[in-house]
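Peer 1: Residue numbers (the working numbering), protein chains in the order written: chain A, 1 to 297; chain B, 1 to 330; chain C, 1 to 432.
Hints are not guaranteed to be accurate.
[What the hints assert, rightly or not] Chain C regions said to be covered by chain B (calculated; three or more residues, Cβ under 8 Å):
1. 108-115
2. 230-239
3. 249-262
4. 270-276
5. 303-311
What the hints contain is simulated information worked out from the structure, not anything from laboratory work. Beta carbons are placed, not taken as given, at the ideal position from N, Cα and C, and that holds for glycine.
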Amino acid sequence: MSNNASPQKSTDLHIGAAVPGCQKKDPILVADHIKKTFGGLTAVDVEHLEVPKNAITALIGPNGAGKTTLFNLLTGFDTPDTGTWSLMGNSLSGVPSFKVAKLGQVRTFQLTKALGLLTVLENMKLGAKDQKGENLLTALVPAIWRKQDKEIEVKALELLSRFKLDAKKDDFAASLSGGQRKLLEMARALMTDPVLVMLDEPMAGVNPALTQSLLDHVLDLKKQGMTVLFVEHDMHMVRHIADWVVVMAEGKIVAEGPPDTVMKEQAVIDAYLGSHQDTDLGEVTGRIKIIKDGGQA
Amino acid sequence: MDWGSILNNTLQGLLTPTTLAFSLAALGLAMHFGFAGLLNFGIAGFMAIGGYGYAIAVLTFGLPWWAGMLFGIVGSIIFALILGIPTLRLRGDYLAIVTIASAEIIRLLFLTTAFTDVTGSADGLFGFNTRTDGSGFQNANPLPAGSYGAGPFTYNEQTLWVLIFGIIMLVVGVVLLWALMRSPWGRVIKGIREDEDAIRALGKNVFAYKMQALVIGGVYGAMGGIVYATFANVSPGVFVTSLTFFIWTSLLLGGAATILGPVIGSILFWTLQAFLTNVLSEVAISGILPVSTTQASTLRFVLVGVGLMLLVIYRPQGIFGDKRELTFVK
Amino acid sequence: MNILSSSHTNRLARGIAISFLSFIAVLGIAMPASADSVGEEYEAAILGNVRIDGEPIQGVRIVVDGNGYNAETVTDEKGRWLIGVPQTGTYNVTLDESTLPEGIAVLEGGATQEVEFGRTDRVTKNFFIGEGTRNATSLFDQIVARLVYGINFGLMLGLAAVGLSLVYGTTGLSNFAHGEMVTIGAVLALIFGVVLQLPLWIAIPIAVGLSAGFGWLMDAGLWRPVRKMGLGIVQLMIVSIGLSLALRYIIQFFIGGGTEQLPGFDEPRVTLFGATALSSTDLISMALSIVVIGGFAYWLLKTKTGKATRAISDNPDLAAASGIDVDKVIRVVWIMAAGMAGLAGVLWAYFRPGIKWDMGTQILLLIFAAVVLGGLGTAFGALVGALVVGILIETSSLLIPADLKYVGALVVLILVLLVRPQGLLGKKQRIG
Chain A
1 MSNNASPQKS TDLHIGAAVP GCQKKDPILV ADHIKKTFGG LTAVDVEHLE VPKNAITALI
61 GPNGAGKTTL FNLLTGFDTP DTGTWSLMGN SLSGVPSFKV AKLGQVRTFQ LTKALGLLTV
121 LENMKLGAKD QKGENLLTAL VPAIWRKQDK EIEVKALELL SRFKLDAKKD DFAASLSGGQ
181 RKLLEMARAL MTDPVLVMLD EPMAGVNPAL TQSLLDHVLD LKKQGMTVLF VEHDMHMVRH
241 IADWVVVMAE GKIVAEGPPD TVMKEQAVID AYLGSHQDTD LGEVTGRIKI IKDGGQA
Chain B
1 MDWGSILNNT LQGLLTPTTL AFSLAALGLA MHFGFAGLLN FGIAGFMAIG GYGYAIAVLT
61 FGLPWWAGML FGIVGSIIFA LILGIPTLRL RGDYLAIVTI ASAEIIRLLF LTTAFTDVTG
121 SADGLFGFNT RTDGSGFQNA NPLPAGSYGA GPFTYNEQTL WVLIFGIIML VVGVVLLWAL
181 MRSPWGRVIK GIREDEDAIR ALGKNVFAYK MQALVIGGVY GAMGGIVYAT FANVSPGVFV
241 TSLTFFIWTS LLLGGAATIL GPVIGSILFW TLQAFLTNVL SEVAISGILP VSTTQASTLR
301 FVLVGVGLML LVIYRPQGIF GDKRELTFVK
Chain C
1 MNILSSSHTN RLARGIAISF LSFIAVLGIA MPASADSVGE EYEAAILGNV RIDGEPIQGV
61 RIVVDGNGYN AETVTDEKGR WLIGVPQTGT YNVTLDESTL PEGIAVLEGG ATQEVEFGRT
121 DRVTKNFFIG EGTRNATSLF DQIVARLVYG INFGLMLGLA AVGLSLVYGT TGLSNFAHGE
181 MVTIGAVLAL IFGVVLQLPL WIAIPIAVGL SAGFGWLMDA GLWRPVRKMG LGIVQLMIVS
241 IGLSLALRYI IQFFIGGGTE QLPGFDEPRV TLFGATALSS TDLISMALSI VVIGGFAYWL
301 LKTKTGKATR AISDNPDLAA ASGIDVDKVI RVVWIMAAGM AGLAGVLWAY FRPGIKWDMG
361 TQILLLIFAA VVLGGLGTAF GALVGALVVG ILIETSSLLI PADLKYVGAL VVLILVLLVR
421 PQGLLGKKQR IG
């Protein structure tokens with residue numbers, strides 16, 4: 001999976017040593033003491049985390065490290081036992097998920113949530129914020145919302161053509177391939193004009209032919225001034241596009257740093273190898289592949 | 001077998017106040033289940049509140065008929081809000097059980113002897129459509145006394161007035177539902193039906209939308225109960241769980257996620273009921289089958305049950321539904 | 001019959017009044033028309049005599065309440081009263097103590113007592129009255145009595161609820177036809193015990209066995225095929241609603257709309273302690289429930305199939321992957337659930353009492369309430385839920401009108417779900 005033009009990496013993001021919980025020069029998301037337990041099992045226990053603004057941060061770690069749970073907590077889809085966090089200085093603790101999205105922090109899901117019973121275009125239009133026609137009373141008077149709906153459609157079509165989905169705009173989303181659905185979900189998230197885009201395993205299950213364009217889209221987000229935080233197992237992708245890598249294991253952040261250095265850290269190697277013994281074979285095989293991928297590059 | 005009278009009676013079933021009333025309720029269920037994905041098995045409760053609210057407002061509070069109807073509708077809105085707060089966060093199958101229980105609570109409250117003065121207990125309420133002070137629904141009837149129509153469609157002025165009122169309500173209901181579902185609001189509702197987390201992640205207040213859908217569908221249900229009450233007594237024996245199931249059957253027959261499906265489904269269902277009632281009793285009387293007339297009328301409900309099973313197994317999208325817009329997503 | 005009339009001479013017996021049971025009335029022959037009566041247009045009636053030391057008391061107010069019907073009358077110069085009711089069933093009869101002479105009160109069972117119709121359409125209700133303070137039954141005794149009745153009812157519900165819960169746990173189906181499985185048990189007992197006149201100890205096991213066989217038939221003939229078709233859980237639920245309607249009316253087709261009784265339904269209740277009175281049928285019913293539920297718990301916890309059942313409820317995919325024959329286990333679950341529901345039907349026929357085409361539907365919501373309260377899919381949760389529902393229903397009638405007792409249970413169900421959506425014993429679904 002080689003790439004001709006290496007993307008422009010953002011560097012010099014942190015203050016002091018690149019250690020877990022280190023300060024960032026310009027953080028967009030700051031989280032403190034986030035803890036979540038499920039029946040005695042600690043799923044997430046993050047002391048401090050800062051996500052650098054206008055950069056691409058990767059969140060990696062073995063299965064069960066608590067990455068998706070952390071995602072759910074930060075986006076209000078789950079409530080932590082303790083902890084506070086804020087987006088650009090606005091506290092998000094206890095804020096319901098839909099308000100988090102309204103504030104500009106939008107997410108995608110590991111299992112894609114393209115709405116199969118709506119057309120691709122309808123999916124896109126759902127993303128747009130502050131629609132007059134989405135109010136129950138004004139919905140009955142098309143004169144109020146028709147003009148705005150047309151504008152939203154133009155924006156949606158433009159995004160769809162960027163994501164090469166414009167030919168499919170009138171198809172039901174259920175008819176798309178897995179990779180196309182991932183693209184649609186990302187495009188739909190962009191309809192909300194986010195400042196922070198959180199992608200949960202954007203490459204999982206995507207046809208290799210589509211990975212390159214997905215990568216380009218993620219890089220594009222940064223060019224347009226957005227911040228990206230993504231969970232990924234594919235080490236190629238992490239190394240290729242991430243400006244900063246946060247490594248989680250057993251709910252804690254064990255390492256942070258630029259991709260080239262952080263992958264070599266003993267704590268990261270331990271995190272991936274350490275939990276070997278007590279997991280079942282299926283998971284181990286998956287993990288070995290990841291390490292090999294990392295080692296080859 | 002007197003096919004002439006069977007045909008005549010069946011044709012009468014095409015346009016009756018009952019069909020109109022239950023069509024409105026089925027539209028409400030289409031809003032709840034077909035579009036918003038809410039498994040409401042308490043539509044009979046909404047109908048009871050509409051019908052009783054209207055009757056009680058007229059009989060106990062002495063309101064004129066139109067204010068009584070508004071009272072019934074307000075009652076259903078309050079019921080939807082009270083029901084929605086604890087239940088809309090529940091998973092689908094829990095919602096089904098809780099709504100069915102709520103409708104039964106409502107029915108038992110109307111049935112109990114504790115409030116006989118207001119609710120009439122098991123006898124129900126009657127005599128609220130024609131009032132001595134001229135404020136009743138039939139007092140507002142502009143039609144001169146007489147016989148209207150022809151053949152099986154012959155009505156007296158009272159029935160015709162009920163039919164006209166019911167048809168107006170149904171047409172308004174269909175148009176409003178159509179206007180809502182083609183709007184961006186309807187888009188959000190359809191999205192919620194499929195995956196509420198996806199909609200939440202896009203910054204929409206899913207709970208508020210579900211609540212709005214519950215209230216709107218509930219108002220349709222209450223209107224169904226009100227139209228029913230304009231021609232019949234309201235009693236606890238009407239708004240039973242089986243009524244909910246019959247309305248579900250007519251909804252699924254026509255297609256849950258369509259606008260006209262619930263109406264056509266209801267007409268088909270109740271016409272078929274009229275047909276079966278007549279045919280089966282003829283069969284029993286003429287001795288073609290060795291059954292009593294009571295047994296013959298029981299067979300009708302056996303057929304409804306079997307029909308519902310076959311429908312859901314083999315054609316879940318209904319007669320008019322699009323397989324791709326199938327509602328049973330989860 | 002009037003064994004208490006001799007207590008007249010016994011000073012310790014507090015001068016208890018006569019409980020006057022009229023054989024004629026029990027045999028269904030109308031009381032003389034001179035009795036002050038209401039509701040004479042109905043065939044069924046509740047009647048009685050108010051006397052103290054053999055002297056009739058005139059002008060005592062009697063209220064009958066239940067099945068959505070309410071009527072009252074006062075006793076005539078001979079102390080007699082009669083209230084006609086539109087249908088047989090269970091009613092509450094209240095003797096208005098304020099209309100009794102000064103210093104006279106109802107001595108046993110409280111001023112409001114339950115009356116159940118038996119095979120006849122006449123039932124006699126007499127109150128033990130005498131000198132004493134009113135409400136002679138202490139609140140504590142009443143609560144204890146209600147608790148015992150509640151446990152009896154709850155155990156019966158539990159038999160039906162654990163099956164429903166297991167079926168849900170293993171197949172995801174909220175089976176609305178479970179009520180009909182209860183009815184079928186009772187109807188089979190009626191066929192073998194009354195129509196074919198077999199002794200009950202043979203008829204009931206046959207009924208339960210055939211109910212279990214019906215469970216096998218349902219799984220083999222309907223549920224397994226539709227599972228293979230890949231129907232969603234909402235579709236399955238609506239299929240079960242259709243099945244419920246069809247079965248219910250098929251039963252009505254054969255047994256009609258009336259009420260039938262099993263032998264021994266009218267065993268007299270014997271006061272055990274305080275205000276608690278149970279019949280031998282009640283005691284056998286409770287013992288049977290406890291034994292069957294105990295056996296079921298052993299099966300679920302200790303046997304291989306039982307363990308497999310719990311594994312499937314926890315995680316069907318994992319269970320299938322670890323070599324459990326899911327279809328076979330589900331088949332066993334259906335057989336057990338139907339068998340227990342059938343037994344619950346027999347017990348319910350004694351508890352109501354009576355066998356009617358919609359008797360199962362009457363308690364379906366309570367069974368669901370028990371299952372949801374305990375946590376959908378957990379067998380022991382369903383049992384706890386059933387006991388809670390049973391006790392709640394019986395004790396709540398101390399506070400609220402008897403015809404609202406189901407409302408109380410259903411309201412509690414909704415309130416519990418508000419606080420603990422996963423039910424009392426259910427696990428919170430882990431997210432992410």
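Peer 1: Compare the structure with each hint and give your call.
Peer 2: Hints and how they fare:
no.: 1; hint: 108-115; in the structure: violated (count 0)
no.: 2; hint: 230-239; in the structure: holds (count 8)
no.: 3; hint: 249-262; in the structure: holds (count 6)
no.: 4; hint: 270-276; in the structure: violated (count 0)
no.: 5; hint: 303-311; in the structure: violated (count 0)
Going through the hint list in order, the structure does not satisfy hints 1, 4 and 5.
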